[in-house]
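Position chain X against the provided structure of chain Y, taking the given hints into account.
Chain by chain, the residues:
2 protein chains.
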Amino acid sequence: MSASPLLEQLIESLRCLPGVGQKSAQRMAYHLLEREREGGLRLAGALAEAIERIGHCESCRDFSETPLCAICASGSRDRGLLCAVESPADRLAIETATGYRGLYFVLQGRLSPLDGIGPRELGLDKLAERLAAGEVRELIIATNPTVEGEATAHYLAQLARQAQVRPSRLAHGVPLGGELEYVDRGTLAHAFGSRTEITS
Amino acid sequence: MSASPLLEQLIESLRCLPGVGQKSAQRMAYHLLEREREGGLRLAGALAEAIERIGHCESCRDFSETPLCAICASGSRDRGLLCAVESPADRLAIETATGYRGLYFVLQGRLSPLDGIGPRELGLDKLAERLAAGEVRELIIATNPTVEGEATAHYLAQLARQAQVRPSRLAHGVPLGGELEYVDRGTLAHAFGSRTEITS
Numbered sequence: 160m161s162a163s164p165l166l167e168q169l170i171e172s173l174r175c176l177p178g179v180g181q182k183s184a185q186r187m188a189y190h191l192l193e194r195e196r197e198g199g200l201r202l203a204g205a206l207a208e209a210i211e212r213i214g215h216c217e218s219c220r221d222f223s224e225t226p227l228c229a230i231c232a233s234g235s236r237d238r239g240l241l242c243a244v245e246s247p248a249d250r251l252a253i254e255t256a257t258g259y260r261g262l263y264f265v266l267q268g269r270l271s272p273l274d275g276i277g278p279r280e281l282g283l284d285k286l287a288e289r290l291a292a293g294e295v296r297e298l299i300i301a302t303n304p305t306v307e308g309e310a311t312a313h314y315l316a317q318l319a320r321q322a323q324v325r326p327s328r329l330a331h332g333v334p335l336g337g338e339l340e341y342v343d344r345g346t347l348a349h350a351f352g353s354r355t356e357i358t359s
Numbered sequence: 160m161s162a163s164p165l166l167e168q169l170i171e172s173l174r175c176l177p178g179v180g181q182k183s184a185q186r187m188a189y190h191l192l193e194r195e196r197e198g199g200l201r202l203a204g205a206l207a208e209a210i211e212r213i214g215h216c217e218s219c220r221d222f223s224e225t226p227l228c229a230i231c232a233s234g235s236r237d238r239g240l241l242c243a244v245e246s247p248a249d250r251l252a253i254e255t256a257t258g259y260r261g262l263y264f265v266l267q268g269r270l271s272p273l274d275g276i277g278p279r280e281l282g283l284d285k286l287a288e289r290l291a292a293g294e295v296r297e298l299i300i301a302t303n304p305t306v307e308g309e310a311t312a313h314y315l316a317q318l319a320r321q322a323q324v325r326p327s328r329l330a331h332g333v334p335l336g337g338e339l340e341y342v343d344r345g346t347l348a349h350a351f352g353s354r355t356e357i358t359s
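Residue numbers (my numbering), protein chains in the order written: chain Y, 160 to 359; chain X, 160 to 359.
Worth flagging that the hints you see were computed from the coordinates, not collected in a lab. Certain hints may be false.
It does not matter which identical chain is used: a pair holds within one copy or between any two.
[Stated by the list, open to error] With a cut-off of at most 20 Å between alpha-carbon atoms, the simulated EDC-like pairs for lysine to aspartate or glutamate come out as follows:
id : residue 1 : residue 2
1  : Lys182    : Glu254
2  : Lys182    : Glu288
3  : Lys182    : Asp249
4  : Lys285    : Glu211
5  : Lys285    : Glu297
6  : Lys285    : Glu245
7  : Lys182    : Glu171
8  : Lys182    : Glu245
9  : Lys182    : Glu167
10 : Lys285    : Glu217
Quantities reported herein were computed from a predicted structural model and do not represent experimental measurements.
The shape of chain Y in the complex, shown without the other chains:
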């Protein structure tokens, strides 16, 4: 029996966060009430506002509170480069790690016929139109290196070729800072097969 029904309700609500079970939810609720009431109120406000106002960018399908997201609306990006990613998190990872200055297309998923996710669900009709419009020179395919991601990449490459756009793919190989001993066999075999010549 908890001392407070409102507290129980808060703990229950916190469990909708990914990776948060009963114990973590309790810890979070107690922490917020004991030491972070101000932060908690700020979080409540930010959450309600974000959920009410964030939709999808009309052009790239990423999350955005405006019809066009800041990247698609920017005048300083190279509109000849388009990078297709599976999720907003992938887009953010590329944006943070690389100096890429082109545009993005966020699939919000990957081809998975068994789950009923086909080209239409990923907005590929829209992507095909955009490729056909002629502005895009290169489609950089950055889907995840999983079976479904690879199938999606294959499909995207075909779309690009049909529209006379050059498709490209992120390089696979041994991760930087990794040790060969601990690299999985598939990656190692791929890296060995696609070895590059040392030129200078």
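Relative to chain Y, chain X alone:
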């Protein structure tokens, strides 16, 4: 650069949760926006309501949205038993695991002179009054088995004796289901020293 300032604000706000860094906050924000908008709105509401309305019980200092918490207000608890715990989480743990039917006193901390936490900050003046009132027969001291918790327990036991109340302490020893090999030396020494006779 994120596509949405509101999303950035949400990620920043999520970081006030304990154990949540930049990466987890991102994952939580994307999860809520992609798959849990309803749960997210519920969480925002529960959070704002809990923070605005939950204060402390006048009697036991636990969290409560009413002047007296449900346990202190209950007519079916034994008012002769009082269990002192450090935090609301400890109270919940005891309430869930044991069949205890007495009342609680939540210290909301432990004696820690270096951090400026003395008897007054833990409400021990109020506890002393309550013990002196004569209703309480036994004070069960359930502070944590840490150095500061033990010091607090020692102080509480003195308070109880001054008021002619019997102090008791949770038993220490080998945890159930544990293996002796992995029990720390202090616990093992204590369990060995306080071995109990097998009677039947």
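Hints, one by one, checked against the model:
Only between protomers do Lys182 and Glu254 lie at most 20 Å apart by alpha-carbon distance; the minimum there is 15 Å, versus 35 Å within a single protomer. For the identical chains of this complex, Lys182 and Glu288 are neighbours neither inside a copy (49 Å) nor across copies (34 Å), given an alpha-carbon limit of 20 Å. Proximity of Lys182 and Asp249 under a CA criterion of 20 Å is satisfied inter-copy only: 12 Å between copies versus 30 Å inside one chain copy. Neither within a single protomer nor between protomers do Lys285 and Glu211 lie at most 20 Å apart by alpha-carbon distance, with minima of 25 Å and 46 Å respectively.
Taking identical chains as interchangeable, the C-alpha atoms of Lys285 and Glu297 lie at most 20 Å apart only when both belong to the same chain, with a minimum of 16 Å there against 74 Å between chains. In the homo-oligomer, the alpha carbons of Lys285 and Glu245 lie at most 20 Å apart inside one protomer (15 Å), although the nearest pairing across protomers, at 59 Å, exceeds that limit. Proximity of Lys182 to Glu171 under the C-alpha cut-off of 20 Å is restricted to the intra-copy arrangement: shortest distance 11 Å within a copy versus 23 Å between copies. Taking CA atoms no more than 20 Å apart as the test, Lys182 paired with Glu245 passes between copies only; the shortest distance there is 17 Å, against 32 Å inside one copy.
For the homomeric pair Lys182 and Glu167, the shortest alpha-carbon distance inside one copy (12 Å) is at most 20 Å, but the shortest distance between copies (27 Å) is not. With identical chains, the CA atoms of Lys285 and Glu217 are at most 20 Å apart within one copy only, with a shortest distance of 10 Å there and 62 Å across copies.
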